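Protein chains: 2
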Amino acid sequence: MSVIKVGVMGIGNMGRSHVQLLGKGKINGAILTAVCDPFQDNLKELLKDTAGDVQIFKDEDAFLNESDIDAVLISTPHYDHPRLAVKAFAKGMHVLVEKPAGVYTKSVAEMNKAAKESGKVFGIMYNQRCNPIYQKLRELIQSGELGEIKRTNWIITDWYRSQSYYDSSEWRATWKGEGGGVLLNQAPHQLDLWQWTTGLMPKKVHAFCSYGKYHDIEVEDEITAYVEYENGATGIFITSTGEAPGTNRFEISGDRGKMVVENDKLIFHRLTQSEREFNATYKGGFGKPECWTIDIPIKGERTDHQGIMQNWIDSIAKGTPLLAPGEEGIKGLEISNAIYLSSWLKEPVELPIDAELFYKKLQEKINQSSFQKKNVEKVIFDVSETH
Amino acid sequence: MSVIKVGVMGIGNMGRSHVQLLGKGKINGAILTAVCDPFQDNLKELLKDTAGDVQIFKDEDAFLNESDIDAVLISTPHYDHPRLAVKAFAKGMHVLVEKPAGVYTKSVAEMNKAAKESGKVFGIMYNQRCNPIYQKLRELIQSGELGEIKRTNWIITDWYRSQSYYDSSEWRATWKGEGGGVLLNQAPHQLDLWQWTTGLMPKKVHAFCSYGKYHDIEVEDEITAYVEYENGATGIFITSTGEAPGTNRFEISGDRGKMVVENDKLIFHRLTQSEREFNATYKGGFGKPECWTIDIPIKGERTDHQGIMQNWIDSIAKGTPLLAPGEEGIKGLEISNAIYLSSWLKEPVELPIDAELFYKKLQEKINQSSFQKKNVEKVIFDVSETH
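Residue numbers (UniProt numbering), protein chains in the order written: chain A, 1 to 387; chain B, 1 to 387.
Read the hints as simulated data drawn from the structure, not as lab findings. Note that this is a predicted model, so its numbers are computed, not measured. There's no promise every hint is true.
Any copy will do: because identical chains look the same in the list, a pair fits if it lies in one copy or spans two.
[Stated by the list, open to error] Straight-line alpha carbon distances no greater than 25 Å define the calculated SDA-like cross-link-like pairs of lysine to any residue that follow:
no. : residue 1 : residue 2
1   : LYS26     : ILE366
2   : LYS360    : ASN263
3   : LYS176    : GLY119
4   : LYS378    : PRO297
5   : LYS213    : GLU277
6   : LYS213    : LEU200
7   : LYS361    : GLU301
8   : LYS283    : LYS373
9   : LYS374    : PHE286
10  : LYS113    : PRO38
11  : LYS204    : GLU228
12  : LYS58     : ILE141
13  : LYS283    : ASP80
14  : LYS116    : GLU356
15  : LYS213    : ILE141
16  : LYS24     : LYS373
17  : LYS331    : PRO297
18  : LYS48     : ARG270
19  : LYS106    : GLU228
20  : LYS91     : TRP292
21  : LYS44     : ASN13
22  : LYS204    : LYS346
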């Protein structure tokens with residue numbers, strides 16, 4: 001197949017980074033041919049080093065109808081992901097959406113339906129799935145090395161953001177513009193990996209969110225969620241943008257031991273026999289099963305956004321299986337929506353959630369908002385230090 | 001002052017260990033002169049290496065009225081701690097109670113009142129307060145090094161117990177005999193240190209307990225508690241006897257950084273400025289306050305039970321301040337009672353809890369119990385591997 005012509009919609013912080021990767025020829029088999037953004041500031045400057053001609057559009061319909069592209073990368077604000085993806089699929093384009101898949105599962109389910117009907121290649125920018133440490137963790141869990149899971153625990157509080165970050169644009173960290181805070185902007189990666197590596201979706205969520213606790217924003221900047229799984233396992237997910245230095249520690253306890261990912265290491269505390277078996281047969285007082293502490297070797301590079309984009313292009317060109325199929329974006333979002341709903345209702349919620357109820361409650365948040373952003377200074381950030 | 005004559009009530013696993021320490025002259029200024037236990041098996045054998053004569057009693061009143069003692073160490077099953085302590089104070093004795101202080105705060109408040117009125121030295125066996133790592137943690141937090149606390153998180157799941165442990169006696173892990181499971185038997189140390197090191201008691205507790213999840217018992221063997229503090233900080237406490245290998249990791253996040261106690265190390269991630277100050281003044285996108293990672297040197301030995309007993313004797317003999325005043329036993333128990341109450345009511349509870357309501361609910365658990373212990377084999381365990 002010939003080179004894939006790619007367009008990018010939404011040239012904010014992340015979009016600029018994607019344009020640079022494509023424009024500098026970092027994605028084999030792909031070429032940047034069009035961009036679209038209602039704000040045209042600095043676009044020419046951004047594109048000056050790009051090989052070949054790039055069409056610049058202001059209007060999304062003109063972009064979708066008139067540009068010469070096979071595939072579109074959508075990096076607009078989150079609310080627009082499903083709507084634009086549905087339009088792109090209707091035009092026969094392949095789609096890669098930035099995370100999160102959207103703001104509410106109702107629209108993401110529609111996007112997934114459109115993707116399926118189109119038969120096009122649909123990916124999502126869960127670039128952390130390219131991280132070999134999480135790939136290895138998933139492989140070990142899925143192969144049964146850890147045995148049945150008992151408990152999961154992710155403390156992911158190293159998403160520190162200052163007030164100036166929130167002040168960098170009008171839409172950010174508002175119910176209307178972004179649809180949420182840390183759960184929608186920073187933590188989607190871990191919400192995805194939490195279920196992707198373990199293969200477990202919670203069946204019940206009881207969550208506690210703090211809104212504007214550490215920043216002058218109306219959405220959440222700290223959450224603690226307690227979950228229960230179908231098999232009886234329990235879990236905790238803690239995230240925050242208000243702590244420095246944060247923690248990124250994912251612990252999974254199972255019948256065959258415990259795995260901990262922290263500081264770029266995967267440590268497997270491996271029992272030499274099943275704990276359930278030991279429990280049933282041991283006759284002493286304070287004994288425990290024998291345990292080996294293993295520093296699991298991690299091979300490969302963290303290819304991040306480039307890895308996901310290359311994989312998406314390879315999937316279009318050669319049928320390579322997707323690392324992050326777009327349809328799976330609904331899973332992390334479902335957990336995220338459940339966390340909000342539990343916090344708003346002040347009660348546990350079962351999954352799958354009532355998508356209509358969530359949508360209705362979100363509209364109430366938007367309509368009842370009287371929050372005014374102060375000190376907004378529209379700024380373009382270098383995103384090389386985040387993901 | 002002359003040597004303190006000590007009696008020990010309750011010669012189970014822990015009582016035997018205390019008798020051995022006292023009997024072998026390990027506590028300076030103290031001598032073992034009497035023991036009391038309704039079960040007399042092996043008591044003579046236990047006492048054969050003890051210097052001097054030790055009176056052996058079967059009946060608690062005979063022991064309290066007739067024995068030649070100045071001070072009593074109470075290591076009976078938990079329910080009896082307050083009742084026996086009140087009797088001992090009435091006899092003018094100094095008292096050291098094993099943890100937990102009791103099973104419900106209503107009786108512990110009565111014990112504290114009796115202690116205060118007696119003017120005698122009242123200690124509690126929170127031997128982990130002798131651990132220099134927690135002493136140092138407390139010192140750093142109380143001196144303001146960490147700044148205002150934002151979040152606490154203790155994963156204390158390395159209390160593994162097998163079914164054979166629970167089968168070792170009739171009273172263990174029953175509502176009637178012990179009054180609970182991991183919260184009353186294993187985790188009281190951490191429930192104490194959680195509030196002692198931080199100086200913060202939760203104001204609200206929302207907890208999730210699993211009863212007989214990993215063992216054939218009627219009480220809880222896994223809990224997750226979410227708490228909120230007066231200053232807005234949040235916290236998580238997770239404990240279990242069903243995981244191998246468990247985790248013992250205590251993380252405290254504050255305005256000036258983060259402290260983590262794990263694997264016998266205290267790591268202080270110390271910011272060079274206040275996070276709140278940084279947040280208010282920084283103007284960039286993804287910046288964070290500068291952070292130094294410091295391995296805090298820990299001096300001193302873990303003196304454990306011996307340390308608490310020596311400190312109690314020194315307090316009686318020389319007025320040395322107590323490391324673990326008995327009156328403080330109610331704090332950890334209050335959190336423990338709140339965790340049960342929240343789990344039973346399936347709703348958050350405020351602290352201080354309704355002590356009468358807790359007592360009533362506990363009586364319901366006892367009265368409604370139809371649990372029959374199977375395979376009980378009364379065994380004496382060597383407790384040198386636990387605390």
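Index of numbered hints that the structure contradicts, given in increasing order: Failing hints, ascending: 1, 2, 3, 4, 7, 10, 12, 13, 16, 17, 18 and 20.
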